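Engineer: Given only the sequences and the hints, what does the whole structure look like? Please build it.
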Amino acid sequence: MTTTIETATGAAQTMVLNMGPQHPSTHGVLRVVLELNGEMVVKAEPIIGYLHTGIEKSCEAKTYSQVITLTDRIDYLAPLSNNLGYCLAVEKILGIEVPKRAQYIRVLLTELTRCASHLVWVGTHAIDLGAMTVFLYSFREREEILKIFEYLSGQRMMTSYFRIGGLALEPPPGWLDKVRRVVDSLPGHIDEYEDLLTKNKIWLGRTQGVGIISASDAIAMGCSGPMLRGSGVAYDVRKAFPYSSYDEFDFNVQTQTAGDCYARYQVRVAEIRESIKIVKQAMEKIPSEGLFRAEVPGIIPPSREEMKTSIEGLIYHFKIFTEGFAPPPGEVYQAIESPRGELGVFVASDGSAKPYRVKFRAPSFVNLQSLPKLAEGRLIADVVACIGTTDIVLGEVDR
Amino acid sequence: MEPQDIDKHPVVHKLREWSATAIAEVLEFRGEFTVVVPREQLLRVAEYLATEPSLRFSFLSDITPVDRFPIEPRFEVNYHLVSLDRRERLRLKVKLTGSDPMVHSVTGVWPTANWHERESYDLFGIRFEGHPDLRRILMPDDWEGHPLRKDYPTEGYR
Chain B
59 MTTTIETATG AAQTMVLNMG PQHPSTHGVL RVVLELNGEM VVKAEPIIGY
109 LHTGIEKSCE AKTYSQVITL TDRIDYLAPL SNNLGYCLAV EKILGIEVPK
159 RAQYIRVLLT ELTRCASHLV WVGTHAIDLG AMTVFLYSFR EREEILKIFE
209 YLSGQRMMTS YFRIGGLALE PPPGWLDKVR RVVDSLPGHI DEYEDLLTKN
259 KIWLGRTQGV GIISASDAIA MGCSGPMLRG SGVAYDVRKA FPYSSYDEFD
309 FNVQTQTAGD CYARYQVRVA EIRESIKIVK QAMEKIPSEG LFRAEVPGII
359 PPSREEMKTS IEGLIYHFKI FTEGFAPPPG EVYQAIESPR GELGVFVASD
409 GSAKPYRVKF RAPSFVNLQS LPKLAEGRLI ADVVACIGTT DIVLGEVDR
Chain P
10 MEPQDIDKHP VVHKLREWSA TAIAEVLEFR GEFTVVVPRE QLLRVAEYLA
60 TEPSLRFSFL SDITPVDRFP IEPRFEVNYH LVSLDRRERL RLKVKLTGSD
110 PMVHSVTGVW PTANWHERES YDLFGIRFEG HPDLRRILMP DDWEGHPLRK
160 DYPTEGYR
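One line per chain: the protein sequences are B and P, in this order. Here the first sequence is numbered in this note's numbering, starting from 59 and rising by one per residue. Here the second sequence is numbered in this note's numbering, starting from 10 and rising by one per residue.
Don't read these hints as lab results, they were simulated from the structure. Computed from a predicted model, the values in this text were never measured in an experiment. Hints are supplied without guarantee of correctness; some may be wrong.
To be verified - Some chain P residues well away from chain B (every beta-carbon gap over 12 Å; in silico): (1) Val20; (2) Val21; (3) Arg25; (4) Thr30; (5) Leu105; (6) Leu143.
To be verified - Dumping the calculated PhoX-like pairs for lysine-lysine here, alpha-carbon to alpha-carbon at most 20 Å: (7) B:Lys115 / P:Lys23; (8) B:Lys338 / B:Lys236; (9) B:Lys412 / B:Lys120; (10) B:Lys335 / B:Lys236; (11) B:Lys120 / P:Lys159; (12) P:Lys23 / B:Lys412; (13) B:Lys297 / B:Lys335; (14) B:Lys412 / B:Lys158; (15) B:Lys377 / B:Lys412.
The beta carbon of each residue, even a glycine, is placed where N, CA and C say it ideally should be.
Structural biologist: Here it is in structure tokens:
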């Protein structure tokens, strides 16, 4: 897959190397065209679109509730975060207030999602750089979190558990005990990963000083999430524009100033610990009784019991599932802090039962744009570290 | 919200004070403010919002076009801005006709606009004047048509 080309200056002979689209370290189907001078990267150009499935176009042909299943498949490592972003956007258009109990459960589950997503990241990134063991451990812990999702929604990954107005189902009894078991054991496991990586000489050599992006560059390139916080900018949507009662939780925004791959690693590991803190607070806050979904006739489906026993319930049930509901015309942009950064959902309504336009501002898409800045002037092996710490999910990049 | 209340919004007020021609219209929906800007003014307004020390909209989170076919002007391009230290969001909107869907690129103000504008070009066929590298990004290079336009069918053959 190599060719020799003439450069514009003609000074040095460079070589073009095609990395991907089928390459284990590109985490999906990313292609990076590298122009190399020896082993040094002169130019790196990410080429995307291999996984484009037209999700935004499909959304326009579905009712508002049907879109939720598509949101799972955008960022398949953090489906609940996507569910949340979309549901909040539609709730904003509708002007619906979600019951506190549902809000807290949403917070708890999206924070568990953040843990699960960061666990996948730490494992896969470590295996990219040659540390096999962490991968096996972190996937073991992630599985325990996915079991909680399965217990609640019936699905490990494509949960679709958040619905417009609240949750899909009343959480089954005993679910909080399962959550407690996971969050009690997780900090110890994180210590284990840190023992293996944080002071590991090889790890430091592969990540420290590699893929540096300055704070001003990160802002200019629109980076968000750990990419931005690793460069010292304390921007977290949960703090800056609180949603779903995040303002009632006590947590710190994790930042590092180095802006290199190691800083982004430190931020993500610290974020898992912060998320555990939030989950523990949420467990205290969630009332055992109360609504898991708002009650808005004609928009939110009535309970099973009401549908079976009252004529209005039956009519609403039938109407919601056959023709959907029509929010007032308008446009909203709702941002949430997904594990990868600012996930923005733009929904435009024209007053019909189908969204006129849905746009997902995918953090991976924007973060990936700064890959040339990270990788240029470094060695090929560092490109792997740079792609890794960008933490892209190609499903989200290409949508 | 009444029109005079919208004018009290500090950013809108500031913009009006700065230039009488900068704002075509201000909209408010669910607490979100949208400033509609004439196409010729976009770059000027963008530079002002990004650099004015009391505003500092230094972060462009997203560019989202909407196709209002068959209504003219057909395209709306939404720019979602964030002021990181003032914790404020603002939406800029430019309206473009179907016969001439062209607007000045804002890559010079916010470099992150590069891929957003390429995506808008790819999926909507909106051209960005002065963009350094306006190519398709998601669809194959030889693709015909712009899939997110409303006159592009969702299923079946073109």
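Engineer: The structure should be examined with respect to each hint, and the outcome stated for every one.
Structural biologist: Quick rundown of the hints versus the structure:
1. No beta-carbon of chain B comes within 12 Å of the beta-carbon of P:Val20; the shortest separation is about 16 Å.
2. For P:Val21, the shortest C-beta to C-beta distance to chain B comes to about 17 Å, beyond the 12 Å cut-off, and the non-interface label holds.
3. Separation of P:Arg25 from chain B is adequate, the least Cβ-Cβ distance of about 22 Å exceeding the 12 Å criterion.
4. Residue placement check: P:Thr30 keeps its beta carbon more than 12 Å from all beta carbons of chain B (closest about 24 Å).
5. Every CB of chain B is more than 12 Å from the CB of P:Leu105 (nearest about 15 Å), matching its label as outside the interface.
6. For P:Leu143, the condition that its CB be more than 12 Å from all CB atoms of chain B holds, with the nearest at approximately 15 Å.
7. A threshold of 20 Å between alpha carbons decides the hint, and for B:Lys115 with P:Lys23 the separation of about 37 Å lies outside it, so the pair is violated.
8. For the proposed pair B:Lys338 and B:Lys236, the alpha carbon gap of about 12 Å is at most 20 Å, so the pair holds.
9. Proximity of B:Lys412 to B:Lys120 is assessed by CA-CA distance (about 6 Å); at most 20 Å being required, the pair is judged to hold.
10. Taken as a hint, the B:Lys335 and B:Lys236 pair is honoured in the structure, with Cα atoms around 16 Å apart against an allowance of 20 Å.
11. A distance of roughly 15 Å separates the Cα atoms of B:Lys120 and P:Lys159; the hinted pair therefore holds under the 20 Å criterion.
12. In summary, the hint linking P:Lys23 to B:Lys412 is not supported, as the alpha carbons are separated by about 37 Å, beyond the 20 Å threshold.
13. For a cut-off of 20 Å, the pair hint linking B:Lys297 to B:Lys335 stands: about 15 Å separates their Cα positions.
14. Our distance criterion of 20 Å between C-alpha atoms is broken by B:Lys412 and B:Lys158, whose separation comes to about 28 Å.
15. Under the criterion of a C-alpha separation no larger than 20 Å, the hint pairing B:Lys377 with B:Lys412 is consistent with the structure, at around 14 Å.
Violation of the numbered hints given earlier is confined to hints 7, 12 and 14; the remaining hints are satisfied by the structure.
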